[in-house]
Amino acid sequence: MLDTQPNSTSNNQSENKVKRFLANAISTEINHFERYGKGAIYDLGKGQHGWDELVTAKAGDRMAVIKPTMNIPLIFEITEVKLDEDFIIVFGKPVERVDMSYQTFVRKNNITNSKIDEHFNMRIGFNVASW
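Numbering (our numbering), first residue to last: 178 to 308.
Calculated from the structure, these hints are not laboratory results. Be aware that one or more of the hints could be misleading.
As the list claims (entries may be wrong) - Straight line, CA to CA, 30 Å or less: simulated DSBU-like cross-link-like pairs of lysine-lysine:
hint, residue 1, residue 2
1, K292, K244
2, K270, K259
3, K194, K235
4, K244, K223
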(Lines of atoms letter the chains of each structure in order from A and count residues from 1; the text may use other names and numbers.)
(Lines give C-alpha, C1' and ligand atoms only; values in the text may rest on other atoms or scores of the structure.)
Protein backbone atom coordinates (compact mmCIF):
# COMPACT_ATOMS: atom_id res chain seq x y z
CA MET A 1 0.00 0.00 0.00
CA LEU A 2 1.22 3.48 -0.87
CA ASP A 3 1.62 6.00 1.91
CA THR A 4 1.79 9.74 1.53
CA GLN A 5 5.33 10.92 2.17
CA PRO A 6 5.35 13.42 5.05
CA ASN A 7 6.78 16.88 4.56
CA SER A 8 10.12 17.61 6.18
CA THR A 9 10.05 19.96 9.15
CA SER A 10 13.82 20.12 9.47
CA ASN A 11 15.57 23.37 10.28
CA ASN A 12 18.20 22.54 7.66
CA GLN A 13 17.60 25.12 4.89
CA SER A 14 18.97 22.85 2.15
CA GLU A 15 16.29 20.28 3.00
CA ASN A 16 13.56 22.95 2.92
CA LYS A 17 14.68 24.42 -0.42
CA VAL A 18 12.25 23.91 -3.30
CA LYS A 19 13.61 21.20 -5.57
CA ARG A 20 12.90 21.08 -9.27
CA PHE A 21 12.44 17.92 -11.30
CA LEU A 22 12.27 17.19 -15.02
CA ALA A 23 10.25 14.06 -15.80
CA ASN A 24 9.92 12.06 -19.00
CA ALA A 25 6.26 11.16 -19.63
CA ILE A 26 6.41 10.67 -23.41
CA SER A 27 4.61 7.33 -23.41
CA THR A 28 1.15 7.56 -24.95
CA GLU A 29 0.14 4.36 -23.16
CA ILE A 30 -0.05 5.89 -19.67
CA ASN A 31 -2.70 8.35 -18.54
CA HIS A 32 -1.79 9.22 -14.96
CA PHE A 33 -5.14 10.86 -14.26
CA GLU A 34 -7.08 7.76 -15.35
CA ARG A 35 -4.71 5.38 -13.58
CA TYR A 36 -4.24 7.19 -10.23
CA GLY A 37 -6.90 9.90 -10.01
CA LYS A 38 -7.19 13.66 -10.01
CA GLY A 39 -3.91 15.53 -9.91
CA ALA A 40 -1.67 12.57 -10.78
CA ILE A 41 1.15 13.80 -13.03
CA TYR A 42 3.91 11.16 -12.91
CA ASP A 43 4.90 7.72 -11.66
CA LEU A 44 8.19 5.86 -11.40
CA GLY A 45 9.19 2.35 -10.42
CA LYS A 46 12.10 1.50 -8.15
CA GLY A 47 15.29 0.91 -10.09
CA GLN A 48 14.33 3.24 -12.92
CA HIS A 49 16.63 6.13 -13.78
CA GLY A 50 15.99 9.05 -11.43
CA TRP A 51 14.55 7.01 -8.53
CA ASP A 52 17.15 8.25 -6.03
CA GLU A 53 16.37 11.86 -6.93
CA LEU A 54 12.59 11.51 -7.03
CA VAL A 55 12.30 9.83 -3.61
CA THR A 56 13.43 13.17 -2.17
CA ALA A 57 10.44 15.02 -3.69
CA LYS A 58 7.96 16.65 -1.33
CA ALA A 59 4.91 18.86 -1.45
CA GLY A 60 5.90 22.33 -2.62
CA ASP A 61 8.63 21.15 -5.00
CA ARG A 62 8.22 21.74 -8.75
CA MET A 63 8.05 19.31 -11.68
CA ALA A 64 8.24 19.92 -15.42
CA VAL A 65 6.78 17.01 -17.38
CA ILE A 66 7.85 16.18 -20.93
CA LYS A 67 4.73 15.14 -22.87
CA PRO A 68 4.49 12.77 -25.89
CA THR A 69 4.82 15.81 -28.19
CA MET A 70 8.34 16.29 -26.71
CA ASN A 71 7.09 19.60 -25.34
CA ILE A 72 6.83 20.90 -21.78
CA PRO A 73 3.53 22.78 -21.57
CA LEU A 74 3.42 23.37 -17.79
CA ILE A 75 5.38 23.35 -14.56
CA PHE A 76 3.53 21.75 -11.67
CA GLU A 77 3.77 22.35 -7.96
CA ILE A 78 3.92 18.96 -6.28
CA THR A 79 0.97 18.63 -3.90
CA GLU A 80 1.48 15.03 -2.77
CA VAL A 81 3.95 12.18 -3.15
CA LYS A 82 2.76 8.62 -2.60
CA LEU A 83 5.65 6.28 -1.99
CA ASP A 84 6.14 2.64 -1.18
CA GLU A 85 9.26 0.51 -1.46
CA ASP A 86 8.73 -0.11 -5.19
CA PHE A 87 6.78 2.81 -6.61
CA ILE A 88 6.30 6.60 -6.50
CA ILE A 89 3.24 8.52 -7.68
CA VAL A 90 3.49 12.31 -7.90
CA PHE A 91 0.44 14.56 -7.75
CA GLY A 92 0.49 18.23 -8.61
CA LYS A 93 -1.25 21.37 -9.76
CA PRO A 94 -0.17 23.57 -12.67
CA VAL A 95 1.56 26.79 -11.58
CA GLU A 96 3.38 28.06 -14.66
CA ARG A 97 2.83 27.81 -18.42
CA VAL A 98 6.09 27.06 -20.25
CA ASP A 99 5.17 25.80 -23.76
CA MET A 100 8.64 25.00 -25.07
CA SER A 101 10.48 21.99 -26.43
CA TYR A 102 12.19 19.93 -23.77
CA GLN A 103 15.60 20.55 -25.39
CA THR A 104 15.13 24.32 -25.09
CA PHE A 105 13.94 23.90 -21.50
CA VAL A 106 16.98 21.76 -20.60
CA ARG A 107 19.35 24.31 -22.17
CA LYS A 108 17.70 27.36 -20.57
CA ASN A 109 17.72 25.75 -17.12
CA ASN A 110 21.25 24.30 -17.41
CA ILE A 111 19.99 20.80 -16.58
CA THR A 112 22.73 18.20 -16.69
CA ASN A 113 22.31 14.47 -16.30
CA SER A 114 24.07 11.30 -17.46
CA LYS A 115 21.00 10.52 -19.60
CA ILE A 116 20.95 13.91 -21.39
CA ASP A 117 23.51 14.37 -24.15
CA GLU A 118 25.55 17.44 -25.14
CA HIS A 119 22.81 18.46 -27.62
CA PHE A 120 20.20 18.45 -24.82
CA ASN A 121 18.54 15.25 -26.08
CA MET A 122 17.30 12.49 -23.79
CA ARG A 123 19.27 9.28 -24.03
CA ILE A 124 17.54 5.91 -23.86
CA GLY A 125 16.45 5.26 -20.29
CA PHE A 126 16.04 8.88 -19.18
CA ASN A 127 13.22 9.27 -16.64
CA VAL A 128 13.95 12.00 -14.07
CA ALA A 129 16.55 14.68 -13.42
CA SER A 130 16.67 17.29 -10.71
CA TRP A 131 18.13 20.76 -10.94
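Going through the hints against the structure:
{"no.": "1", "hint": "K292 / K244", "result": "17 Å, holds"}
{"no.": "2", "hint": "K270 / K259", "result": "15 Å, holds"}
{"no.": "3", "hint": "K194 / K235", "result": "10 Å, holds"}
{"no.": "4", "hint": "K244 / K223", "result": "21 Å, holds"}
Going through the hint list in order, the structure satisfies each hint without exception.
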